[in-house]
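In case it helps, our numbering puts the sequence shown at residues 514 to 776.
Hints listed in this document are in silico derivations from the structure and should not be mistaken for laboratory results. Heads up, some of the hints might be wrong.
[Claimed, not checked] Here are the in silico distance ranges between beta carbons for each label pair: (1) Ala551 x Asp752: 42 to 50 Å; (2) Arg588 x Gly521: 19 to 27 Å; (3) Gly614 x Arg746: 37 to 45 Å; (4) Pro747 x Leu638: 17 to 25 Å; (5) Asp630 x Leu584: 20 to 28 Å.
For every residue, glycine included, the Cβ atom is placed at its ideal position computed from N, Cα and C.
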Amino acid sequence: MDLLALLGIGVLTGLTTVVFGFGGGFVAVPVVLWTDRALGPDALRVATATSAAVMVVNAGFATAVTPRPVLAALRGSRTLIALLAAGGALGALAARYAPAGPVRWAFVAYVALTLADLLLRPGFLRPHARADDEAGTGLPAVLRAPIGAVAAFLGVGGSVMTVPAMRRAGHTMRTATALANPLTLALALPAAAVSLLGSAGPAGGSLAGTVDPRAAGALLLGALPVIAVLRRRPPRIGDRVHAWAYATLLAAAIAAMLVPGTA
Numbered sequence: 514m515d516l517l518a519l520l521g522i523g524v525l526t527g528l529t530t531v532v533f534g535f536g537g538g539f540v541a542v543p544v545v546l547w548t549d550r551a552l553g554p555d556a557l558r559v560a561t562a563t564s565a566a567v568m569v570v571n572a573g574f575a576t577a578v579t580p581r582p583v584l585a586a587l588r589g590s591r592t593l594i595a596l597l598a599a600g601g602a603l604g605a606l607a608a609r610y611a612p613a614g615p616v617r618w619a620f621v622a623y624v625a626l627t628l629a630d631l632l633l634r635p636g637f638l639r640p641h642a643r644a645d646d647e648a649g650t651g652l653p654a655v656l657r658a659p660i661g662a663v664a665a666f667l668g669v670g671g672s673v674m675t676v677p678a679m680r681r682a683g684h685t686m687r688t689a690t691a692l693a694n695p696l697t698l699a700l701a702l703p704a705a706a707v708s709l710l711g712s713a714g715p716a717g718g719s720l721a722g723t724v725d726p727r728a729a730g731a732l733l734l735g736a737l738p739v740i741a742v743l744r745r746r747p748p749r750i751g752d753r754v755h756a757w758a759y760a761t762l763l764a765a766a767i768a769a770m771l772v773p774g775t776a
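Please work from the sequences and hints to get the whole structure.
If you want it as structure tokens, here you go:
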């Protein structure tokens, strides 16, 4: 995949960061997996590590330009953030040693189960009516570290679980996706650190740890301007349409991982 194509995908990751709170993980993993397919079994490990690095920058920048009143909903969430970070580090460590095949199918299963939950269980497509300042995060304490671990292990960021949880707690999609960025940053930062310090393997000359800097740089070059523009002028999307679009993007991520040639 040439630089121009990676830049174009980077634009898409910027869009998903702002509109869906993904930080780019769902888009980055299939793309980097395809880009680095010549690495064979190491390609998925590199894809998840590179995704974590991209998410750190995307989610960090998106958080920095998010209005302070929106971020105020996370006050008192230090324990939540610490548990997500601890889980992120553990998940990244596990990903370094896991075989590629099971991780790939775990990615598909994880997203597919989430999609089924969104469509079949009430509270996401039509959330409970509750004021945002009273809604909280909706994340049970017992799930916080596991969310970080699973998200970092698969390179997808935590938004696939944090957005639905905050949605069911009563937040609008716009607020839930905005709050997903600082939570994604909390788990992606230690995951990226573990990846950058990891063994580069046989392709060490072109990697930083297990991160592909060329792919990460191209994706970020496309993403960051989009994040800056959309945070200043967020798109006007109806709440229910926004929720359905989120579910549709999960379906697209599953399809991308099932395309022949990404194995």
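Hint check:
no., hint, verdict
1, Ala551 x Asp752: 42 to 50 Å, "holds, 43 Å"
2, Arg588 x Gly521: 19 to 27 Å, "violated, 38 Å"
3, Gly614 x Arg746: 37 to 45 Å, "holds, 43 Å"
4, Pro747 x Leu638: 17 to 25 Å, "holds, 21 Å"
5, Asp630 x Leu584: 20 to 28 Å, "holds, 27 Å"
In the structure shown, a violation is registered for the earlier hint numbered 2 alone.
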